[in-house]
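Peer 1: Protein chains in written order, with the working numbering: chain A, 7 to 98; chain B, 10 to 332.
Since the hints were made in silico from the structure, they are not lab data.
Fair warning: there could be bad hints in the mix.
[Stated by the list, open to error] In silico EDC-like pairs for lysine to aspartate or glutamate, Cα to Cα no more than 20 Å straight-line: (1) B/K169 / A/E67; (2) B/K136 / B/D193; (3) B/K136 / A/E58; (4) A/K73 / B/D193; (5) A/K17 / A/E58; (6) B/K134 / B/E210; (7) A/K73 / A/D35; (8) B/K134 / B/E272; (9) B/K136 / B/E272.
[Stated by the list, open to error] From chain B, some residues computed to sit far from chain A (all C-beta separations above 12 Å): (10) R45; (11) L154; (12) A299.
Beta carbons: idealized from backbone N, C-alpha and C, even for Gly.
One letter stands for each residue in the lines below.
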Amino acid sequence: MDNLIHEIKTKIIAGFSLEKVTPQDIQTDAPLFGAGLGLDSIDALELVSILERDYGIVIQERGVADKAFASVRALAQFIVANRQPCPGGTQS
Amino acid sequence: MTTTAEDPASTGGSLKWSGRSRGGYWGNWFFIQLVRRFGLRWAYAWLVVVAAYFTLTNRVAYRSSADFLDRVLGTCSWWRRPWRVYRHFFSFGVTLLDRLAVISGKVAMECQFDGEPQFVEQLGKGKGIILVGAHLGSWEIGGHLLGRLGAPVNVVVLDKDEARLKRLYHDALDTRSFRFLTTDGHPLRSIPIAAAVRRGEIVALLGDRTFGGADCAVPFLGGSARFPTGPFLLAAATGAPLFQVFAVRERWGRYRFFTYPAEYVERAALRGGVAAVAPLVARYADRLAAVARAYPYQWHNYFPFWETPSAGTGGQGLAGSAH
Chain A
7 MDNLIHEIKT KIIAGFSLEK VTPQDIQTDA PLFGAGLGLD SIDALELVSI LERDYGIVIQ
67 ERGVADKAFA SVRALAQFIV ANRQPCPGGT QS
Chain B
10 MTTTAEDPAS TGGSLKWSGR SRGGYWGNWF FIQLVRRFGL RWAYAWLVVV AAYFTLTNRV
70 AYRSSADFLD RVLGTCSWWR RPWRVYRHFF SFGVTLLDRL AVISGKVAME CQFDGEPQFV
130 EQLGKGKGII LVGAHLGSWE IGGHLLGRLG APVNVVVLDK DEARLKRLYH DALDTRSFRF
190 LTTDGHPLRS IPIAAAVRRG EIVALLGDRT FGGADCAVPF LGGSARFPTG PFLLAAATGA
250 PLFQVFAVRE RWGRYRFFTY PAEYVERAAL RGGVAAVAPL VARYADRLAA VARAYPYQWH
310 NYFPFWETPS AGTGGQGLAG SAH
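Next comes chain A alone, as it looks inside the complex (with noise of 0.2 Å):
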């Protein structure tokens, strides 16, 4: 679990172009959007096509969204409870 949040951290800085942060810098239970690291709509989208990409997992409802992007921490539990064997996504 410590590794996929970790992972999920790297994407997010990686995916919306956070050069200034590390993966140290996002607190692992704060909320992704509105207060916390204060992500947008477009975050949103993006961090969507990331789930369908690397881990084969569609999200098409917002209240499957405000789950799954509550905190790092939900997401990883999210992936781990819906994650699809993904060719060419990375397993970790």
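Since the structure of chain A is already known, use the hints to place chain B on it.
Peer 2: For chain B alone, kept in the frame of chain A given last:
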């Protein structure tokens, strides 16, 4: 005019649309009954009174209408202004009644559908399309027409309006693949909207109202007005074609739906900030201005639309102050 009207803030001054649409279940009911029992003609007759009432009492709508009409038609003498505003409100009432008539299934509107092949082509390939309309003419009647394309239609509306619209469209929602997606300014709102486009569906938005999301100010009818950037970012994120569409009333019982050519937005625009989308927003505003000039009385934004009111209008008038 009565109650389905999207109502500006009741007190003047604020530049932002209040986000409130006057509820008015009974007003709707009254007009629905009127249309059902006596026909559209009798319902129109009531507008003579209702439009006069609004001209006399709704100061913000009066000023906004007078400001808009001065911009598109030129200024006019003080005694003509109330009549122009009255005509404007009457025309809004006609649009609302036509919509009720169509929803109630009582009256069929003849509707010319220009540009249908462009949509059919895209949807036939299993690709979604983004339609960006405006509060001009009747987007609802346009939306009804889209049902025949066969793809599910998603209309993006404000959270607060969803319940009201669902009630109004109750019958239509039962029979058609017509859905409302809500937007409330939260970053995650974009997920179901983009998902609908990716599923190959139709997503319709209104491009002339900011919802507290990202927007930018562009020149519009001699002033500067703010428009949302969201529709263009959605096109960038999904790669789907964006069409600027209008549904205008041509005459009694007849509407025309038309579209501008497909636009594709580069994915890079997502990270380009306001500068990347401002030209697209400006083009949207230019086309909107052209259609507003052609159909001035069908412009239905009755709140202070511009960042600064135009010089020399009267915001004063019958409803504003004793002239």
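Peer 1: Each hint should be assessed against the structure and marked as holding or not.
Peer 2: Quick rundown of the hints versus the structure:
Distance check on the hinted pair: B/K169 and A/E67 sit about 19 Å apart at the alpha-carbon level, within 20 Å; holds. The hinted pair formed by B/K136 and B/D193 fails the criterion: a straight-line CA distance of about 26 Å is larger than 20 Å. Of the supplied pair hints, the one linking B/K136 and A/E58 holds, its CA atoms being roughly 18 Å apart against a limit of 20 Å. Taking the CA atoms of A/K73 and B/D193, the gap is near 17 Å; set against the 20 Å cutoff, the hint holds.
With a CA separation close to 13 Å, the supplied pair A/K17 and A/E58 stays within the 20 Å bound. Distance hint between B/K134 and B/E210 is fulfilled; the C-alpha atoms sit about 11 Å from each other, no more than 20 Å. With a C-alpha separation of about 13 Å, the suggested pair A/K73 and A/D35 falls inside the 20 Å cut-off, and the hint holds. For the given pair, B/K134 sits about 17 Å from B/E272 by alpha-carbon distance, which is consistent with the 20 Å threshold.
The straight-line distance between the Cα atoms of B/K136 and B/E272 is roughly 14 Å, inside the 20 Å bound, and the hint therefore holds. Separation of B/R45 from chain A is adequate, the least Cβ-Cβ distance of about 36 Å exceeding the 12 Å criterion. Interface exclusion of B/L154 from chain A stands, the closest Cβ pair being 26 Å apart, more than 12 Å. The beta carbon of B/A299 is kept farther than 12 Å from every beta carbon of chain A, the shortest such distance being approximately 30 Å.
When each numbered hint is compared with the structure, a violation occurs for hint 2 only.
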